[in-house]
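Chains B and R, in that order, give the protein sequences. Letter by letter, the first sequence follows residues 1 to 593 in UniProt numbering. Letter by letter, the second sequence follows residues 1 to 593 in UniProt numbering.
The reader is advised that the hints may include incorrect statements.
If you want a taste of the chain R side facing chain B, the calculated C-beta under 8 Å gives, among others [what the hints assert, rightly or not]:
no.: 1; residue: His249
no.: 2; residue: Glu252
no.: 3; residue: Leu320
no.: 4; residue: Asp347
no.: 5; residue: Leu353
no.: 6; residue: Ser411
no.: 7; residue: Ile437
no.: 8; residue: Pro439
no.: 9; residue: Ile440
no.: 10; residue: Leu559
no.: 11; residue: Gly581
Covered stretches of chain B (chain R as the covering partner; in silico rule of three or more C-beta atoms under 8 Å from a C-beta of chain R) [as the list claims (entries may be wrong)]:
no.: 12; stretch: 38 to 51
no.: 13; stretch: 435 to 448
Listing some non-contacts, in silico: residues in chain R with all C-beta distances to chain B over 12 Å [claimed, not checked]:
no.: 14; residue: Ile57
no.: 15; residue: Asp67
no.: 16; residue: Leu143
no.: 17; residue: Leu290
no.: 18; residue: Ala349
no.: 19; residue: Ala384
no.: 20; residue: Leu459
no.: 21; residue: Gln517
no.: 22; residue: Ala520
no.: 23; residue: Ala569
no.: 24; residue: Asp576
no.: 25; residue: Thr590
Because the hints were derived from the structure by calculation, they are not lab data. Since this is a predicted model, take the numbers as computed values, not measurements. Glycine is no exception: its CB is placed at the ideal position from the N, C-alpha and C atoms.
2 protein chains.
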Amino acid sequence: MYKAPVEEIAFTLRHVAGLGAGLAEGRFGDLSDDLVDAILSEAGRFASDEIAPLAEIGDRQGATLKDAAVTTPPGWPALYRAWAEGGWNSLTAAPKFGGQGLPHMLHVATMEMWNSGSMAFAIGPTLTIGAVEALSAHGSAHLKDVYLPKMVSGEWMGSMNLTEPHAGSDLGVMKTRAERRDDGTYRIFGQKIFITYGEHDFTDNIVHLVLARLPDAPPGTRGISLFLVPKFLVEADGLPGARNDVFCHSLEHKLGIHGSPTCTMIYGDGRFGKEPGAVGWLIGEENKGLACMFTMMNNARLAVGMQGVAIAEAATQKALAYARQRTQGRAPGWQGSGMSPIVEHPDVARMLLTMKALTQGARAITYACAHAVDMSHATEGEEARHWAERASLLTPVAKSFATDVGVDVASLGVQVHGGMGFIEETGAARLYRDARIAPIYEGTNGIQAIDLVTRKLPLSGGDQIAGLIAELRGIAGSVGASNDTAFGETAARLAATLDDLQAATDWLERALAEGRQADALAGATPYQRLFGLALTGAYLARGALAEAGDGRGRERIALCRFAAENIIAETAALKDRVVSGAASLLAAQTLLE
Amino acid sequence: MYKAPVEEIAFTLRHVAGLGAGLAEGRFGDLSDDLVDAILSEAGRFASDEIAPLAEIGDRQGATLKDAAVTTPPGWPALYRAWAEGGWNSLTAAPKFGGQGLPHMLHVATMEMWNSGSMAFAIGPTLTIGAVEALSAHGSAHLKDVYLPKMVSGEWMGSMNLTEPHAGSDLGVMKTRAERRDDGTYRIFGQKIFITYGEHDFTDNIVHLVLARLPDAPPGTRGISLFLVPKFLVEADGLPGARNDVFCHSLEHKLGIHGSPTCTMIYGDGRFGKEPGAVGWLIGEENKGLACMFTMMNNARLAVGMQGVAIAEAATQKALAYARQRTQGRAPGWQGSGMSPIVEHPDVARMLLTMKALTQGARAITYACAHAVDMSHATEGEEARHWAERASLLTPVAKSFATDVGVDVASLGVQVHGGMGFIEETGAARLYRDARIAPIYEGTNGIQAIDLVTRKLPLSGGDQIAGLIAELRGIAGSVGASNDTAFGETAARLAATLDDLQAATDWLERALAEGRQADALAGATPYQRLFGLALTGAYLARGALAEAGDGRGRERIALCRFAAENIIAETAALKDRVVSGAASLLAAQTLLE
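Using the sequences and the accompanying hints, generate a full structural model.
Here it is, written out as structure tokens:
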């Protein structure tokens with residue numbers, strides 16, 4: 001059973017991602033080290049003791065639909081209420097609306113734990129928090145007053161309604177329409193698919209944020225508006241009143257996250273209300289809906305990255321526990337009597353160390369991204385701009401690398417279990433199934449790669465990425481300067497990987513400058529992976545340097561060295577794909593037509 | 001829906017794996033080119049039109065157990081009977097027992113198609129054919145006369161009973177026991193788990209091959225005997241009579257291959273028969289059971305490798321069809337109106353080309369392995385020994401590389417589908433689930449790697465692997481000599497990969513010679529992958545060279561070049577893991593304790 005790695009999470013926040021320095025510099029108000037520890041420790045308890053035990057039943061029974069009402073798995077509504085009452089929904093929200101105003105780093109750290117406990121459960125709150133962010137940034141004072149307090153407390157949940165059958169990554173072609181009414185409200189008509197927690201029995205009301213198109217809107221993404229559409233219209237007393245004309249038409253039958261209802265939502269077909277049309281209120285300006293969504297999209301992407309970390313952590317714990325107790329054969333050098341635990345076999349150790357290193361690397365990247373978000377709020381002017389860019393640069397890598405790691409590590413976890421891994425009751429298979437959605441939703445990892453290469457590399461004319469690489473080189477230099485032989489070849493390996501990152505970056509920047517768009521896009525995914533591996537190597541080294549000296553520190557160095565000498569060498573081939581793979585790819589594309 | 005790639009399969013058999021030369025040299029009796037085509041074409045029709053349409057219902061309904069009786073999915077018993085009546089069970093068996101005596105290559109080619117149609121369906125017949133092989137090689141004349149004709153025709157199916165809860169990879173510790181009886185029969189007592197098609201409703205009788213231990217057997221693997229234990233005892237008239245004391249106690253709830261019943265079998269608890277004990281007949285000699293199993297184990301491993309190829313092929317077809325029709329965004333250079341098909345996006349093209357290249361590489365490796373099996377039977381003396389060694393060397397690579405490819409390609413297939421990939425009805429998710437067992441059963445891929453490094457590299461004092469590498473170098477040389485610029489950097493890339501293979505091989509041989517067992521085992525899995533990638537690069541080139549000149553040939557060259565310039569460069573990092581990864585791995589192993 002999952003046990004939240006509170007100590008490791010706290011260490012990564014403080015010594016790898018930058019929370020320690022931030023606290024020391026007083027960047028986060030009166031947030032103290034003690035409070036951080038108390039929050040993490042209580043979150044760890046809740047995730048391990050309350051959420052994780054309900055994960056399996058959630059998977060087995062799933063969410064069910066009857067007469068437009070969704071029933072979540074047994075125990076889940078009570079679990080949600082206990083979670084909200086614990087204040088976990090309000091960590092980062094503004095105090096004005098009942099939030100605790102804590103740094104985003106604590107949000108992602110707790111998110112990791114909820115998702116390790118049960119990804120299907122945690123994805124609901126994730127979306128509510130995204131809706132809170134969008135509403136906070138763009139909603140009218142009235143909308144905020146009516147909705148935010150209940151959404152921050154968790155009394156009501158939110159949902160995000162973007163996708164339509166023909167409009168997934170390309171929102172510009174969506175068809176859901178909105179009509180103006182004289183009273184300043186709108187009526188929404190259309191169908192949305194893949195709406196996570198679009199309907200459920202956790203809360204008395206659900207606040208849908210819905211993208212739709214006005215009759216006179218310009219074509220494409222510049223003609224999309226964002227609306228707030230509550231399941232129940234809110235009365236003057238602030239309580240839910242009449243049913244709005246929106247309902248869940250069907251649930252998807254999915255590979256994983258079975259406890260999470262994935263809804264097809266129908267707006268305005270007249271099933272509820274006197275006249276057809278779901279009543280909606282505009283958020284932000286007409287035709288500026290996509291900009292409103294972008295506010296929360298970066299954070300949502302980072303939140304999905306956390307799901308990758310979370311699954312990887314849970315899979316690693318499970319596999320390690322199994323490998324320690326399962327005996328089979330005799331490993332080389334095994335001195336015990338009888339069979340050795342399979343963890344003693346070098347091949348099994350390779351899998352487990354790879355799982356550990358990738359998990360810690362992905363965690364460090366996502367936390368560093370959250371730190372940049374926090375610093376962009378805690379600073380001003382040029383500094384704030386720098387940190388906002390840093391967050392912007394790291395977001396696609398955090399989302400894609402961590403979710404790929406989630407899938408890969410979950411797959412290794414199944415493999416470590418041998419035949420037992422294929423049996424559902426073991427639980428490794430559930431992680432393998434749940435993990436698979438994360439590289440897809442909130443923008444596929446391919447979309448992230450396009451974003452990284454075409455929009456993030458050019459930040460500050462390339463200075464942002466150059467600055468980050470310089471920072472990482474500093475870490476490699478410190479490893480060399482430590483003169484600690486336990487690091488083995490780490491310094492040299494890391495330097496070589498950073499050379500690969502530099503060369504690939506240079507090449508992509510040149511391709512873009514020369515208008516060779518297809519060449520750049522052909523290398524985007526290998527580049528993204530290379531980026532993630534380079535950060536993994538560097539961040540593991542940063543952690544090892546921070547704790548060098550004592551027993552845990554020796555373990556960090558050993559894992560860092562393993563990653564340097566066994567994992568990150570892959571960057572040479574990835575760089576190669578970026579700088580010389582495009583021609584053969586584009587030449588072979590005709591094969592596919 | 002899957003459509004068997006008959007032309008591609010025939011091409012690979014003939015021009016890459018060696019069937020063409022074998023036929024030309026008259027190695028396979030009166031087997032003609034026409035007959036090969038007729039067999040492949042009819043198998044393709046059966047797989048596409050009969051099996052594939054029943055895959056989804058098999059997955060959804062699965063196999064169920066009631067009162068020790070298993071019900072397979074609707075339509076499956078009839079499907080099995082049609083398949084057996086088509087003669088597909090008897091392709092390679094001896095004509096004396098009703099078999100067709102055809103080369104093993106046709107067996108694996110047809111196996112690929114059955115498994116692409118439905119892996120859950122095809123795994124049953126695979127095990128019957130393994131049982132036929134073991135019985136043919138080691139059974140007494142009487143046992144063969146009684147059982148083989150019905151097992152060859154498919155009227156009865158077989159099952160393989162090896163695993164026990166505490167004895168998976170390590171069969172030496174099994175506990176199922178056998179007692180001698182005065183009439184020359186034995187009584188079997190014990191429990192076996194993970195018994196595929198241990199009980200079902202396809203046939204009137206099931207012939208279990210069971211490993212068990214005699215009371216006076218030496219400890220470990222030298223004390224295991226193999227027994228034939230029919231579900232129904234066979235009467236003098238050759239028909240099933242009394243029920244034997246063996247039954248299916250429970251079915252596993254699995255991640256995938258739901259239609260395939262995975263049984264816990266109980267032997268000799270007295271549920272059936274007058275006195276407890278399942279009646280069994282010895283196959284081969286007492287305490288030599290493991291040797292009997294090894295007869296069929298290599299072929300079973302190759303058959304599982306085929307499952308990897310099969311899933312990869314099915315996943316590639318499905319993803320390609322989707323990517324051609326799904327439109328989203330505008331790819332660079334897209335000239336059409338509106339959104340472009342996603343296949344036009346370079347990132348999607350990269351996934352699809354990778355899927356294609358890995359599938360064809362895995363197919364070529366498995367077919368080449370089957371060709372070596374055939375040649376070992378079609379030749380004599382030194383030549384036969386050479387081919388037997390070649391088959392032996394290629395088997396672990398065929399099993400492990402192809403099954404890893406199955407998982408990776410199925411995962412890419414989900415990704416290409418975006419959100420639809422996570423919806424079960426699309427079918428991509430089923431392939432992702434089904435694929436995951438293949439790297440585990442019939443010896444995990446980690447076990448294959450140990451086998452490859454410790455038992456296969458030393459064949460003929462290293463001459464066998466050296467000879468293979470020389471052969472592959474010949475292919476790289478031919479690419480260079482072709483002077484066809486469409487090959488791009490293929491010759492140089494392939495040569496570099498073969499240098500990696502050579503260097504890693506040398507290093508492992510030295511480590512083994514010096515008794516550094518742990519060092520060698522630490523690198524076994526990366527070595528196995530490196531081996532598979534080198535063969536993929538070389539065999540794609542061999543195919544491209546064979547068809548150079550015409551339209552299809554240009555496509556082969558383009559895919560070969562893509563693999564050379566975008567996939568096989570990974571071998572440098574893999575070689576690196578072999579030759580310098582062990583120290584950091586073994587140093588970090590303490591972390592896991």
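Each hint tested on the structure:
no. : hint       : verdict
1   : His249     : 15 Å, violated
2   : Glu252     : 5 Å, holds
3   : Leu320     : 6 Å, holds
4   : Asp347     : 4 Å, holds
5   : Leu353     : 5 Å, holds
6   : Ser411     : 7 Å, holds
7   : Ile437     : 5 Å, holds
8   : Pro439     : 6 Å, holds
9   : Ile440     : 6 Å, holds
10  : Leu559     : 6 Å, holds
11  : Gly581     : 4 Å, holds
12  : 38 to 51   : violated (count 0)
13  : 435 to 448 : holds (count 8)
14  : Ile57      : 14 Å, holds
15  : Asp67      : 23 Å, holds
16  : Leu143     : 29 Å, holds
17  : Leu290     : 14 Å, holds
18  : Ala349     : 5 Å, violated
19  : Ala384     : 32 Å, holds
20  : Leu459     : 21 Å, holds
21  : Gln517     : 4 Å, violated
22  : Ala520     : 9 Å, violated
23  : Ala569     : 4 Å, violated
24  : Asp576     : 5 Å, violated
25  : Thr590     : 7 Å, violated
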